[in-house]
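Asks: Residues per chain are reported as follows:
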Amino acid sequence: AQSVAQPEDQVNVAEGNPLTVKCTYSVSGNPYLFWYVQYPNRGLQFLLKYITGDNLVKGSYGFEAEFNKSQTSFHLKKPSALVSDSALYFCAVRDISGGKLIFGQGTELSVKP
Amino acid sequence: NAGVTQTPKFQVLKTGQSMTLQCAQDMNHEYMSWYRQDPGMGLRLIHYSVGAGITDQGEVPNGYNVSRSTTEDFPLRLLSAAPSQTSVYFCASSLVGGAGEAFFGQGTRLTVV
Chain A
82 AQSVAQPEDQ
92 VNVAEGNPLT
102 VKCTYSVSGN
112 PYLFWYVQYP
122 NRGLQFLLKY
132 ITGDNLVKGS
142 YGFEAEFNKS
152 QTSFHLKKPS
162 ALVSDSALYF
172 CAVRDISGGK
182 LIFGQGTELS
192 VKP
Chain B
1113 NAGVTQTPKF
1123 QVLKTGQSMT
1133 LQCAQDMNHE
1143 YMSWYRQDPG
1153 MGLRLIHYSV
1163 GAGITDQGEV
1173 PNGYNVSRST
1183 TEDFPLRLLS
1193 AAPSQTSVYF
1203 CASSLVGGAG
1213 EAFFGQGTRL
1223 TVV
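Listed in order, the protein sequences are those of chains A and B.
To convert, count from 1 in the first sequence and add 81; that's our numbering.
To convert, count from 1 in the second sequence and add 1112; that's our numbering.
Keep in mind that the hints are not guaranteed to be accurate.
Using C-beta positions, here's what the derived DEER-type ranges look like [what the hints assert, rightly or not]:
id: 1; chain 1: B; residue 1: M1153; chain 2: A; residue 2: R123; range: 17 to 23 angstroms
id: 2; chain 1: B; residue 1: G1175; chain 2: A; residue 2: R123; range: 24 to 30 angstroms
id: 3; chain 1: B; residue 1: G1115; chain 2: A; residue 2: G110; range: 37 to 43 angstroms
id: 4; chain 1: B; residue 1: Q1129; chain 2: A; residue 2: N149; range: 29 to 35 angstroms
id: 5; chain 1: B; residue 1: T1132; chain 2: A; residue 2: G180; range: 36 to 42 angstroms
id: 6; chain 1: B; residue 1: G1175; chain 2: A; residue 2: P121; range: 42 to 48 angstroms
id: 7; chain 1: A; residue 1: E89; chain 2: B; residue 2: T1132; range: 36 to 42 angstroms
id: 8; chain 1: A; residue 1: L163; chain 2: B; residue 2: T1119; range: 22 to 28 angstroms
id: 9; chain 1: B; residue 1: T1198; chain 2: A; residue 2: D90; range: 17 to 23 angstroms
id: 10; chain 1: A; residue 1: Q152; chain 2: B; residue 2: S1130; range: 23 to 29 angstroms
id: 11; chain 1: B; residue 1: G1175; chain 2: A; residue 2: G97; range: 42 to 48 angstroms
id: 12; chain 1: B; residue 1: T1117; chain 2: A; residue 2: T153; range: 20 to 26 angstroms
id: 13; chain 1: A; residue 1: S107; chain 2: B; residue 2: D1150; range: 20 to 26 angstroms
Derived DMTMM-like pairs (lysine to aspartate or glutamate); straight-line CA-CA distance at most 25 angstroms [what the hints assert, rightly or not]:
id: 14; chain 1: A; residue 1: K139; chain 2: B; residue 2: E1171
id: 15; chain 1: A; residue 1: K103; chain 2: B; residue 2: D1138
id: 16; chain 1: A; residue 1: K193; chain 2: A; residue 2: D176
To be clear, the hints were calculated from the coordinates, so they are not data collected in a lab.
Backbone N, C-alpha and C define an ideal beta-carbon position, used for all residues, glycine too.
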């Protein structure tokens, strides 16, 4: 069965510092991996995805993520955090058969000035 | 471009009442799904569909029914509401095949008293 783990409920970062939000996954075969962001009282917005190819994926708002097959990880990164990046971040996985999309429990990112 | 539209945005039900949460998308997406979001639990998949006439259970299907008579619509029915179903519900759609990102509605905040 597919599963996603986000080991940190909350990540605190100072503005201007690099940030990392961690995600590990379990799926049969090769995965499709996604990151979404949710601002208060809003729906989820797509940030980036890994399908195949280059292990470093670039997405919206300066975010990027690194796929590591041996560690079954897909960590979200940004070189320089902004206060406006403060939000809830979700990692998700779908197996390549195209079935259900499973989410992690979310990580609250707080960026302080 | 409407995307994914959920109605209503807010609802209060009494225990035992029934209701239907509506979800419609105008992107001709084959895959549609329903999630519930609870604090600390992330998004949990309730039911999903890979096309008209095809539905399947997700992680937390008990107490919910779905049907998919058209590509555009994927209603979620609560037959006898319980306080444990108090949650925020999100509908999402994507192309089937796995690689496409999911698009989310703005959510329905449901309270069962």
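Asks: To test your reading of the hints: which numbers does this structure violate?
Replies: Of the numbered hints given earlier, those the structure breaks are 3, 4, 5, 6, 8, 10, 12, 14, 15, 16, listed in rising order.
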